[in-house]
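Asker: Kindly produce the complete structure, drawing on both the sequences and the hints.
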Amino acid sequence: MRRACSASRKSLPNKLTTVAAPRRTPWRGWLAGILLLGTLGAAGSAAVAHLRRPNAAFVAPANFPALVYDVAKNQPYEATFELGRQLFYDPRLSSDGTISCGSCHQQSRAFTDGQALALGVAGRRSARNTPALQNLGWHRSFMADGGVRGLELQALAPLTSPQEMNEPLADALAKLNADPEYRRRFAAIYGPGKIDTPQFLKALAQFTSALVSADSRYDKHVRHEPGGTLTAPEQRGLALFQQKCSGCHATDLFTDESFRNNGLDRTFPVDSGRAHISQLPADAGRFRVPSLRNVARTAPYMHDGRFATLPEVLAHYDHGVRPSRTLDPLLRQPDGRLGLPLTAQEQQELLAFLNTLTDNSLLTNPRFAPPPAAARNQLPLAGVGR
Amino acid sequence: MKIRFSTLGLLLLPLALFSGCKKDSDSLEPTGSVNFTVRNVAGSQDLVLNNTVATTATGETFTTETFEYYLSNIKLIKSDGSTYAAPDTYFLVDQAKPSSLSFTVPGVPAGDYTGVSFIVGVDAQKTGLTDPATFTGDLNQANNMYWTWNSGHIFLKLQGTITSTTPNKPLTCHIGGYTDPNNAIVTATPSFSGAKLTVQANHTPQLHLVANVTKVFDGPKPVALSTFTGAHMPSAQSVQLAQNYAAGMFSVEKITTE
Chain H
164 MRRACSASRK SLPNKLTTVA APRRTPWRGW LAGILLLGTL GAAGSAAVAH
214 LRRPNAAFVA PANFPALVYD VAKNQPYEAT FELGRQLFYD PRLSSDGTIS
264 CGSCHQQSRA FTDGQALALG VAGRRSARNT PALQNLGWHR SFMADGGVRG
314 LELQALAPLT SPQEMNEPLA DALAKLNADP EYRRRFAAIY GPGKIDTPQF
364 LKALAQFTSA LVSADSRYDK HVRHEPGGTL TAPEQRGLAL FQQKCSGCHA
414 TDLFTDESFR NNGLDRTFPV DSGRAHISQL PADAGRFRVP SLRNVARTAP
464 YMHDGRFATL PEVLAHYDHG VRPSRTLDPL LRQPDGRLGL PLTAQEQQEL
514 LAFLNTLTDN SLLTNPRFAP PPAAARNQLP LAGVGR
Chain B
802 MKIRFSTLGL LLLPLALFSG CKKDSDSLEP TGSVNFTVRN VAGSQDLVLN
852 NTVATTATGE TFTTETFEYY LSNIKLIKSD GSTYAAPDTY FLVDQAKPSS
902 LSFTVPGVPA GDYTGVSFIV GVDAQKTGLT DPATFTGDLN QANNMYWTWN
952 SGHIFLKLQG TITSTTPNKP LTCHIGGYTD PNNAIVTATP SFSGAKLTVQ
1002 ANHTPQLHLV ANVTKVFDGP KPVALSTFTG AHMPSAQSVQ LAQNYAAGMF
1052 SVEKITTE
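Line order of the protein sequences matches chains H and B.
Sequential numbering from 164 applies to the first sequence in my numbering.
Sequential numbering from 802 applies to the second sequence in my numbering.
Mixed in with the good hints there might be a few duds.
[Stated by the list, open to error] Here are the simulated lysine to any residue pairs, SDA-like style, with alpha carbons at most 25 Å apart:
hint	chain 1	residue 1	chain 2	residue 2
1	H	K357	B	T937
2	B	K876	B	K970
3	H	K338	B	A934
4	B	K898	B	S834
5	B	K876	B	T1005
6	B	K958	H	R303
7	B	K898	B	S918
8	B	K958	H	K236
9	H	K338	B	T949
10	H	K338	B	G938
11	B	K876	B	L930
12	B	K927	H	S304
13	B	K927	H	S324
14	B	K927	H	Q508
15	B	K927	H	R303
16	B	K958	B	T1005
17	B	K876	B	V842
18	H	K357	B	D981
19	B	K958	B	G844
20	B	K958	B	G882
21	H	K236	B	K898
22	H	K338	B	A943
23	B	K970	H	A333
24	B	K898	H	A333
25	H	K236	B	G938
26	B	K927	B	D981
27	B	K876	B	T949
28	B	K958	H	A459
29	B	K1055	B	G995
Quick caveat, the hints were computed from the structure, so don't treat them as lab data.
Answerer: Now the structure itself:
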């Protein structure tokens, strides 16, 4: 079953296609699911019934590489997506009831927070900048250092971190199990019994994996769809980007998922990036290449939020790159100069191009917004938790 | 004998096919259970959390607040060298939970066993999985023996206070890591010292293990508490401590039969 599944994943259609997904190809069902879950409006119960059928028609992002997430292990269903959405926006999951995933991951900012360093319970600061949440099913690892190896596992980090939600997993499960509404909703999906770790993490992942961004003006441009016209400066920016940036910000996901040192610092006493996980000196100062989708909305930039604006980022690549043993070779010119020389006009054109990556289907889709019921949860949950 | 077995095998074949390709001989061999008990000690004293003062080989001292570790991949060894690897054995021993100090391995083929081995920790294949549904029982991350920022189980947790320094300082050992160069997966093979563990159907012998907490520091690569700054992540220091506890922490106290 799994072999068949991964084999069929390789045959992901690479042209824009509307496919009647045949039975027994879980990834197709899943893609259908996430894309429909993502793009349907408040379409109501007719759509729900539609989603539960394995043969729903769907459109796959033709310009994306193969999916990484093992869909067969978390088949998308409307009810599970809605449950995951409820969990994502529920501040009761934090130790003091003030912080939800959505506090730091805000939809209008492509699920970032506008802060240099994330702000958790009791005003505590994380060590890193909140990244955008999008196309997570295509990630090979998570976090700026790649320390987390799966989407479900990822949620445990902010939940239990003292700087973020500060809630031991056992306590979070106890809160969920003490809430009749959650009991009812989990039981409707997973059957009777206690809400346990896999159920909780899988439901959350149904929401986070549905956050697909594939409909920016740039996407329409490469797929030759209506609304995909780029202006002359934007086109020149695209060409420049392909020439200077796509060695790292590769494919239409705008990352090759590797860990690179883009020359922010000479030494790395505070945050060694990938080396924090691998303990290898050769990884010091390397960070996961981030996607640049919706980048106009995700300021401030870099793992520590040091740059407030995109012009500052471009200025960094032009003349701010600092040498170190692990600096990426792509940022050393043959003449020994560091960085990527960019004239003022080239910087303007790159900026124009980066703005075409803004995708309102992610930023304004009501299905990704806090659920109406979340308002109820702003009240502290009496008698439960610590 | 031979004929009887293969005839039976033929008879059982359709059944075996139906039940998902089980080895046809499995159902013929009588099996029993082995009950393991663990007694955590500090040298010659029983370990009492927040109380017992443990003394290392060089005379340094510490007290223990938390002492937890996984025992997994349990194998029983016969005198002819053949082994029985008990499938899916993952047990979390937690000094704060008396019920965790005893566990039973069922389905052990009958016979006389002369040795045991187990991983102190979790094998790489298991802990490296990313689907939380695979972490059943003691492996559940809700047990707080899992690194959320660096996916993988914590194999051994020892927390307390170093009392031989002035001032005293906190003691933190969170040992784990399953990839090179900081692979801290170690196997312990405490000796039966010539004793035999006899497994029969409907009959549960008990293997009494003793685990000496001071051996986290004493061992082939001793660690001085005066300069120890803790172990919090996969690291060379973690591997060093794991090599110590693999070598000397566990011993077999006795083997009994109810």
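Asker: Does the structure break any of the earlier hints, and which numbers would those be?
Answerer: As far as the earlier hints go, 2, 6, 8, 14, 16, 18, 20, 21, 23, 27 and 28 are violated by this structure, in ascending order.
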